[in-house]
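From these two lone chains plus the hints, build me the complex, please.
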Amino acid sequence: EDKVVQSPLSLVVHEGDTVTLNCSYEVTNFRSLLWYKQEKKAPTFLFMLTSSGIEKKSGRLSSILDKKELFSILNITATQTGDSAIYLCAVPEETGFQKLVFGTGTRLLVSP
Amino acid sequence: DTGVSQNPRHKITKRGQNVTFRCDPISEHNRLYWYRQTLGQGPEFLTYFQNEAQLEKSRLLSDRFSAERPKGSFSTLEIQRTEQGDSAMYLCASSFMTVETQYFGPGTRLLVL
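Line by line, the protein sequences give chains A and B. Just so we're aligned: 17 in this note's numbering is position 17 of the first sequence, and the numbers increase by one with no gaps anywhere. Just so we're aligned: 111 in this note's numbering is position 111 of the second sequence, and the numbers increase by one with no gaps anywhere.
What the hints contain is simulated information worked out from the structure, not anything from laboratory work. Hints may contain errors.
[What the hints assert, rightly or not] Take a look, some chain B residues computed to stay more than 12 Å from chain A by CB distance:
1) 2
2) 63
3) 73
4) 74
5) 81
6) 85
[To be verified] With a straight-line cut-off of 25 Å between C-alpha atoms, the simulated BS3-like cross-links for lysine-lysine are:
7) 68/A to 3/A
8) 11/B to 40/A
9) 14/B to 41/A
10) 3/A to 37/A
11) 3/A to 41/A
12) 41/A to 57/B
13) 3/A to 56/A
14) 57/A to 67/A
15) 3/A to 57/B
16) 41/A to 11/B
17) 40/A to 57/A
18) 57/A to 68/A
19) 11/B to 57/B
20) 57/A to 37/A
Beta carbons are placed, not taken as given, at the ideal position from N, Cα and C, and that holds for glycine.
Extracted from the complex, chain B is given alone in its bound form (with noise of 0.2 Å):
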């Protein structure tokens, strides 16, 4: 399969907890996206990769998030101290150029006990 892919498939943990998530883009494709998706909720913008680059932040990364792409391949999404309110859908994308060719991986759904 060479879409995108994400793991892990989902993550249980407990509050206070540290977790990452990694996501392996389509091997051509220079632009990397993550985004959060709540329940009744479309996805939400986390932040956005060039290759290696993070180019744009959304508000809503608050400093316990980290997101990595050493090397312009794949992505790590990391929750420090996790709260409760983290819990949701994590999804990635990726795409060559243009922002409308996006692929999206199944995504990694975690639950903060």
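In isolation and in its complexed conformation, chain A is listed as follows (with noise of 0.2 Å):
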């Protein structure tokens, strides 16, 4: 059965740190893996991340892909109070690739 693992559960920092949130799964049939941001309410899409596109950058955020060792990081830099939220992670389930398999998610927060 596929799994996703992240790490770690809760993290607390201080604005302007930088952070670095971990992602580490078990499919067999590797297709993409994606993060999203939670805040109080529906998950947000914030990386795709696929064989052809191994490395994402969206202003302070970015994220890789290490396909070999099976883990991927999101990476935020100069945190704001702002960025306090759940970070998920998912792969699609390898079978068929009709859903989304989630980790308990990262859940971080930035304090002033």
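Written out as structure tokens, the structure is:
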């Protein structure tokens, strides 16, 4: 069964710090890995990483994929209080790619 | 707003009652997903529709749960004889053609007393 493990489970930093969130996955038929940000309600899409796109960057957020070691990291530089959220990692399940399998998420709190 | 919408946003019910949630996907999206999320966990897949056909159901979806998507547009998720363990956020998402392009709705938070 596909498995996605995120670490740490929670993290408290000060504004301006840089954080690294981790996601390891076990799928026998990899297609993509997705990162979402979830504030009080719906997860919102951040990045999709694939074999042909192993690095993505958007402003202060960046992500890389290591297909050999089966993990991804999400970096946030110069954190702001608005970055406080749950960050979710997900992969399409390998049987038919019909659904996403999510990790438990990392809860990030950025204090002023 | 042309995103995914869900109603109600919050529902409090007593154990044993039936509840029904509604999801309106983005209009051109043919795929619709239901997930359940409990505190400290990521969303867990419940079921998936392609147009009006329900193509997959999770083992999490006991026989008290039923979902429909008549005419391939909005979807409803009904829980019969609710239990306290059903308390969770129920998320709906829709996409066009691929699982990766899902847009999530704001969720319905259910509390069973």
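For which of the previously enumerated hints does the structure constitute a violation, in increasing order of number? none
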